[in-house]
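A.B. asks: Listed below, chain by chain, are the residues.
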Amino acid sequence: MQDQNSVLEVEGLGVRFRTEEGDVPAVQGASFSVQRGEVLCIVGESGCGKSITSLSVMGLLPDSAKAEGSIRFDGNDLLAMSQEEIRQIRGNEVSMIFQEPMTSLNPVFTVGFQVMEPLVIHRKLSKREAYEEAVRLLEQVGIPDPRKRMEQYPHELSGGMRQRVMIAIALSCQPKLLIADEPTTALDVTIQAQILDLILKLKEETGMGVVLITHDMGVVAETADRVVVMYAGKVVEEADAETLFQDPKHPYTKGLLRSMPSVDDETYALEPIPGKLPKPGEMPQGCPFHPRCDDAMDRCRVESPRVFTVGPGHTSRCWLGEEEKQNHAGKSVG
Amino acid sequence: MANLIVRRLLQLIPLLLGISFIVFISLHLAPGDPASMIGGPTATKEDLASIREDLGLNDSLFTQYLRYIGGVLQGDLGYSYQTQQSVTEAIMIRFPNTFNLSVASIIVATVIGVGAGIISAIKQNTSLDVLSTVGALAGISIPNFWLGSMLILLFAVYWQWFPVAGITSPPWTMQGIKELALPAITLGTGSAALIARMTRSAVLEVIRQDYIRTARAKGVREKNVILLHCMRNAMIPVITVIGLNFGFLLGGTIITEQVFAINGVGRLLIQAIAARDYTMVQGAVLLIATLFVLVNLLVDILYALVDPRIRYE
Chain C
1 MQDQNSVLEV EGLGVRFRTE EGDVPAVQGA SFSVQRGEVL CIVGESGCGK
51 SITSLSVMGL LPDSAKAEGS IRFDGNDLLA MSQEEIRQIR GNEVSMIFQE
101 PMTSLNPVFT VGFQVMEPLV IHRKLSKREA YEEAVRLLEQ VGIPDPRKRM
151 EQYPHELSGG MRQRVMIAIA LSCQPKLLIA DEPTTALDVT IQAQILDLIL
201 KLKEETGMGV VLITHDMGVV AETADRVVVM YAGKVVEEAD AETLFQDPKH
251 PYTKGLLRSM PSVDDETYAL EPIPGKLPKP GEMPQGCPFH PRCDDAMDRC
301 RVESPRVFTV GPGHTSRCWL GEEEKQNHAG KSVG
Chain S
1 MANLIVRRLL QLIPLLLGIS FIVFISLHLA PGDPASMIGG PTATKEDLAS
51 IREDLGLNDS LFTQYLRYIG GVLQGDLGYS YQTQQSVTEA IMIRFPNTFN
101 LSVASIIVAT VIGVGAGIIS AIKQNTSLDV LSTVGALAGI SIPNFWLGSM
151 LILLFAVYWQ WFPVAGITSP PWTMQGIKEL ALPAITLGTG SAALIARMTR
201 SAVLEVIRQD YIRTARAKGV REKNVILLHC MRNAMIPVIT VIGLNFGFLL
251 GGTIITEQVF AINGVGRLLI QAIAARDYTM VQGAVLLIAT LFVLVNLLVD
301 ILYALVDPRI RYE
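These protein sequence lines are chains C and S, in that order.
Sequential numbering from 1 applies to the first sequence in UniProt numbering.
Sequential numbering from 1 applies to the second sequence in UniProt numbering.
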């Protein structure tokens, strides 16, 4: 199903890590796609495989990891590409910003050098052209006095400013896809909103697709067009944002929503999901979520659930979905 | 930046005064009488007394020290008790040999050490890494006099690629390079091993950092990720080791100079100690200590150049 409008199509992505105790799966059978001008949020707890998924797209997995399946960017399979081919795409057509703005910039180079670098590498600009373009980029991401900032070093900038610099670097070659891995987690709440607004604004201006990785349902509510929920290395639910918040199907998604604080309802009590995420390599039999699931049936303890289509563009990896599917039978299959 | 250099230069003054005082005192406290060395076995008591009077050895230690320092400040390190030669002159004749040997050694050590360290780090836990680790261990363990003799036997006597000993030509000529090669390798091997170990651990430390991932995410070529983004950071601890080793090399050429019959400050120092030539020993030790301190200053300045975070402190 090759969609003309989609920038990224991930199908059956699996990532395994070689360890001394044998191969450990970190991501299994993950499938999703990102359209142009769309924000796809990947949600889940720390360690559920969302960062590994994004690093596979960038071709930046550690040497001990092996990816299988297919990651089609603009129709080309990234997993089949050579290191050199994927390097020419990285920072150019696909860019990434990271969680830790304090450590993501190189401390011994000026901000200017770091913003100019991809311009020189990919767009083959001269030093002078790259300088002017970098000043423009810094201005675009809302950094005051950009010419002065160009000469400064990362340690002279605040966390929010550094993340803006990271965004400027990521956008420098007008990528078709931006991957943002928890871009606001390390920042103050007020700065968080500014950075998210900036990403959304730039998405509108450039029409790029955005993959936003987060564990914060608040961020999802604010930004997402569509949402992929991951648990223990698997995609457990996918839906458009409105559907997911109105009518979540997977018990894990429901749990995530219940553990989200609400400002409107003063009587609302936070309800954390009991238990914790199983470690890769120590997965329980059957559905990996069943030890923490209120709705777990006998079947869940033995048999790993398939993916069920539970509504238009809405899938859930849960046996409960089997009934739902029957209710929706005939409405949608794809 | 200029501020930092001036501040560090001012700090040198008490440091050098302290060094000169310690050198001066320790030699006067050591047993042995320079007067009887100069006078020889046939000297009478009266002869010895007049020699002492001439050398000013009867004055208080403090007066002697002030007189010495007064001279040092004017570039006069006194006269050799043994040969009556000017100490400044004797050192200046030999110093270029020692300096050239040290510089050649540190170049050898840096090229081999940094190169091996980088390869070892990016090929971590492979046979190349093990080879480099074993090589480094051997490099640290092999004594200079043995390595020097073996190199002479093999490359100078057996194959005759290099001269056996001595330095006669300036280091920028082909002959000069050939003369320096074996002693530089002998002297540089130990430092190369230390630099390689430090480079390896520094690169391994830096390569895990987030900003290296950022560099890769930007599409920087792997070669530049290592040589530019990684090394610029990893160089900070490596520079310290190189600087310290250069300091040690300047004062540690003694054995190598002896093995290769190079007329340098190290050999001068050994001869002076054997002859209890106080002024000569003082001069040589003062020079070596001063150079050591200056090299450290240089390292500090290099630090500030490499790491912008230091410049503003």
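A portion of the hints provided could be inaccurate.
[As the list claims (entries may be wrong)] Using 16 Å as the maximum straight-line C-alpha spacing, the simulated EDC-like pairs for lysine to aspartate or glutamate come out as follows:
hint	chain 1	residue 1	chain 2	residue 2
1	C	K176	C	E204
2	S	K123	C	E9
3	C	K201	C	D225
4	C	K201	C	D247
5	S	K223	C	E9
6	C	K176	C	E21
[To be verified] Not everything, but these chain C residues come out facing chain S in the computed CB check (under 7 Å):
hint	residue
7	L61
8	P62
9	R90
10	N92
11	T103
12	L105
13	E117
14	L125
15	R128
16	H155
17	L157
Because the hints were derived from the structure by calculation, they are not lab data.
Note that beta-carbon positions come from the ideal geometry of N, C-alpha and C, so glycine has one too.
A.B. asks: For each hint, tell me whether it holds in the structure or not.
C.D. replies: Cross-check of the supplied hints:
no. : hint            : result
1   : C/K176 x C/E204 : holds, 12 Å
2   : S/K123 x C/E9   : violated, 34 Å
3   : C/K201 x C/D225 : holds, 14 Å
4   : C/K201 x C/D247 : violated, 28 Å
5   : S/K223 x C/E9   : violated, 31 Å
6   : C/K176 x C/E21  : violated, 39 Å
7   : L61             : violated, 11 Å
8   : P62             : violated, 10 Å
9   : R90             : holds, 4 Å
10  : N92             : holds, 6 Å
11  : T103            : holds, 4 Å
12  : L105            : holds, 6 Å
13  : E117            : holds, 6 Å
14  : L125            : violated, 14 Å
15  : R128            : violated, 20 Å
16  : H155            : holds, 5 Å
17  : L157            : violated, 12 Å
Hint compliance for this structure: hints 2, 4, 5, 6, 7, 8, 14, 15, 17 are not met, and every other hint is.
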